[in-house]
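> Here the structure of chain A is known, so what remains is to put chain B in place on it, guided by the hints.
Number of protein chains: 2
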Amino acid sequence: MSKSLPKRSEDYSLWYNELVKRAGLAENSPVRGCMVIKPYGYAIWEKMQRILDDMFKKTGHTNAYFPLFIPKSFFSKEASHVEGFAKECAVITHYRLKNAEDGSGVIVDPEAKLEEELIVRPTSETVIWNTYKGWIQSYRDLPLLINQWANVVRWEMRTRLFLRTSEFLWQEGHTAHATAEEAIAETEQMLEVYAEFAEKYMAVPVVRGIKSPNERFAGALETYCIEALMQDGKALQAGTSHFLGQNFAKAFDVKFATKEGGLEYVWGTSWGVSTRLMGALIMAHSDDEGLVLPPLLAPTQVVIVPVFFNETQLSQISEKAKQIKQALEARGISVKFDARDTQKPGWKFAEYELQGVPVRIAIGMRDLENGVAEVARRDTKTKTTLPLDNLDAQVADLLNDIQESIYQKAYQFRAENITKVDTYDEFKKVLDTKGGFVLAHWDGTPETEERIKEETKATIRCIALNAEPEEGTCILTGKPSARRVHFARAY
Amino acid sequence: MSKSLPKRSEDYSLWYNELVKRAGLAENSPVRGCMVIKPYGYAIWEKMQRILDDMFKKTGHTNAYFPLFIPKSFFSKEASHVEGFAKECAVITHYRLKNAEDGSGVIVDPEAKLEEELIVRPTSETVIWNTYKGWIQSYRDLPLLINQWANVVRWEMRTRLFLRTSEFLWQEGHTAHATAEEAIAETEQMLEVYAEFAEKYMAVPVVRGIKSPNERFAGALETYCIEALMQDGKALQAGTSHFLGQNFAKAFDVKFATKEGGLEYVWGTSWGVSTRLMGALIMAHSDDEGLVLPPLLAPTQVVIVPVFFNETQLSQISEKAKQIKQALEARGISVKFDARDTQKPGWKFAEYELQGVPVRIAIGMRDLENGVAEVARRDTKTKTTLPLDNLDAQVADLLNDIQESIYQKAYQFRAENITKVDTYDEFKKVLDTKGGFVLAHWDGTPETEERIKEETKATIRCIALNAEPEEGTCILTGKPSARRVHFARAY
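If you're matching them up, the sequences are chains A and B in order. Residue numbering for the first sequence follows our numbering, starting at 290 and increasing by one per position. Residue numbering for the second sequence follows our numbering, starting at 290 and increasing by one per position.
One or more hints might be untrue.
Listed below are the simulated PhoX-like cross-link pairs for lysine-lysine, each with C-alpha atoms no more than 20 Å apart in a straight line [stated by the list, open to error]: (1) A/K387 / B/K376; (2) A/K698 / A/K523; (3) A/K336 / B/K347; (4) B/K292 / B/K633; (5) B/K717 / B/K523; (6) A/K422 / B/K310; (7) B/K336 / A/K336; (8) A/K625 / B/K347; (9) A/K346 / B/K625; (10) A/K346 / B/K336; (11) B/K723 / B/K698.
In short, the hints are calculated from the structure, not lab data.
Here chain A stands alone, though its shape is the one from the complex (with noise of 0.2 Å):
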């Protein structure tokens, strides 16, 4: 806390990671590309899961868990999954060690090879399919709704705490359906889902889109993401929902007997978060004090920081502060009264906005004679002077109020950082310049997109759900174009 963070405007890389590390949220483990997620980013991504695992529930899905390793056959069975994933990712040969005959500490034991090896999974649809062979026969099994929470692995070269590490922790929606009618529903309601909140409890608004070809899901028909934009101007993918068509039920075999006692494949989709929405959190909102968290993430909601300078005045304002947070704790608001004499005030001031607590509450012994407190709110950092009848009902409000203002400042944001443009030129100068989404048209062919992104390191994020169709030429080709797609740099 003795050192202030590195300022966004200078290195913005670097003030991340200070961030990251300096609030508590994650730090690299010994182990190349994985973090160890500290308790206070932890507590995040609990109130993120709880929420998230309530909403699928909401939505007809339960829990299941299947397992970690993937033997090496199955990712060969569909053919371009194996091309996406079977290639950077962590191998198990062999299931045994041993003491070294020289004494020199413990090595593998060449005799507890594996027959097959077997894959830390990066993603699980290939066991997961081969599991509902089994789950399904008719059209009564289905839909089969299933989810999963757990750790996935993707060797990874360069990394950086929560949006890119060899193991991250998600959820992994699978499900199965009768028709592609319905598996195209399913696909679009978890990205209406995901949507929802990040809009809602991350107030990360986010373009809702399907993405390009090549930026497709491998072994999905149809991927659709929503994409957010950060602080610096760069594109973050924050979730994705596949349609898969038949592909994983055609290598799995997946039958079923329907209404009409025919024999068909069934349809699949897979959609999955992961603690990459970390990343997109602080990243969207926090400023160089700190994090800036959305009240409905936040582990702390309110702190209550007493000025004092004996133990009488502290006792007196312990009273008060009390009683205060447990009339907010009757609200549903979670409080943290910091009484310590260890720690000055300012320097708690500083501690709770490096953390991102949305409310701080200050009283002192003038605060106390005057029945008021002094009221911070962590994302604007205004401070007012309250009265301390009724303070729960007007802090309440508050917290709605910040949840709300921090949307409308990164939707002010991003509304400022989404640029039409008609030519080449156009685009690499708003690239280069101020970043944000790019809006051009592009001829639909995988080989300008790649072009593009050779030259310029701008990818189409997503083809807009809500893009209105206009007639247009691509901008790097001349080629003609039936709608403008969303281009940016991103993470």
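For chain B alone, coordinates are given in the frame of chain A:
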């Protein structure tokens, strides 16, 4: 559902396996020793998790997450730990697959060999204490009270669903303290949390005790445990809490500045329960008709089955059933109303018996006319006719009764299956005829314990915390002993 379960009396082991599968709790996966936890089984596990997590938080713990992988060298740092855990484990040696040049499929890329092998965590002491080194500098950083919910892997040759699987889910608490006394108090507190959970929620009475040195956790100074008795007379270790002394602090060089200005090694504990609890829950209470679940852990506490012969009747019964459902739900009771017309009531009765739903309410037309319902409790298989007026209050009481009654039955069973013996012949006879806990004198040496185990397959489950001092002589060696210990054959 068409075939009845094997009988406990004929083949307990087959009964258990079939029950786990048919009740939709879990099944084997194509990956050796790994299980799929099915939605109904996972729903019970989620209830367990939620309750335990609340208990951990009430005792001051927070959750965090540490890496799945542990560098091989970490295991060599604590001498006894490596003996206990590094042997049978999943070893990652490579980080990439590639297509075989002969087109035969995917193979491990020999060029992607890790410099140091990684072990999939069998337990996380090493990686966590390595992290704690960075988190603990001073007495002000203590106690550090952290829990992790995670999957772990211990390569098992012979596996059984829930009871012994290569991958399992668990929680592992890892705490650090300034003094041995505090660490021991924490160890004992968490044992009591586990015991309370087992008795109050799982309705399984447990013996609280400490392990003999032979059965101690690898790296601990003392292992506390709770031991439960299953219906076949075998014991099951349901949870352990370890006092680690300064072993891991020394292995990972974790010291703290004391209040007095000194520098000392930290004292540690670790404690865990796993999906093994599911096995204990199933085996402790269930019968030849299926699961018997204590209401506090049942995903569905009450099922309402309408008995009807046409649509009109169904609609009349439904109206009343929905009122009952609402009234029960208002009391926080989870209710399912099964109005399917594709299955007959008798079929549904059998299905919910198999699933262990604690209370079944059946309503037919005559019941409706008489203003009553047939209420059946799963545990005793008794039925009563209750007035519809005030049914919710009566059912709420009934659920409390059932919870208590299931516990009492298990308690009674255990009381009948604790036998004091004074000779080795008696000891062997009791083990071979009735099983259960056998209270016997032991001379306190590992050699005697080992010989008894070899000759009888019985192990010392624990030295009960409440064992009365009683002078006697070891059943095997005749040497003096100060108290009886709990022997049993165990899972």
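> Hint by hint, note whether the structure agrees.
We went through each hint and held it up to the structure:
no. : hint            : in the structure
1   : A/K387 / B/K376 : holds (6 Å)
2   : A/K698 / A/K523 : holds (17 Å)
3   : A/K336 / B/K347 : holds (17 Å)
4   : B/K292 / B/K633 : holds (16 Å)
5   : B/K717 / B/K523 : holds (14 Å)
6   : A/K422 / B/K310 : holds (16 Å)
7   : B/K336 / A/K336 : holds (17 Å)
8   : A/K625 / B/K347 : holds (15 Å)
9   : A/K346 / B/K625 : holds (15 Å)
10  : A/K346 / B/K336 : holds (14 Å)
11  : B/K723 / B/K698 : holds (17 Å)
The structure fails none of the hints (numbered hints given earlier).
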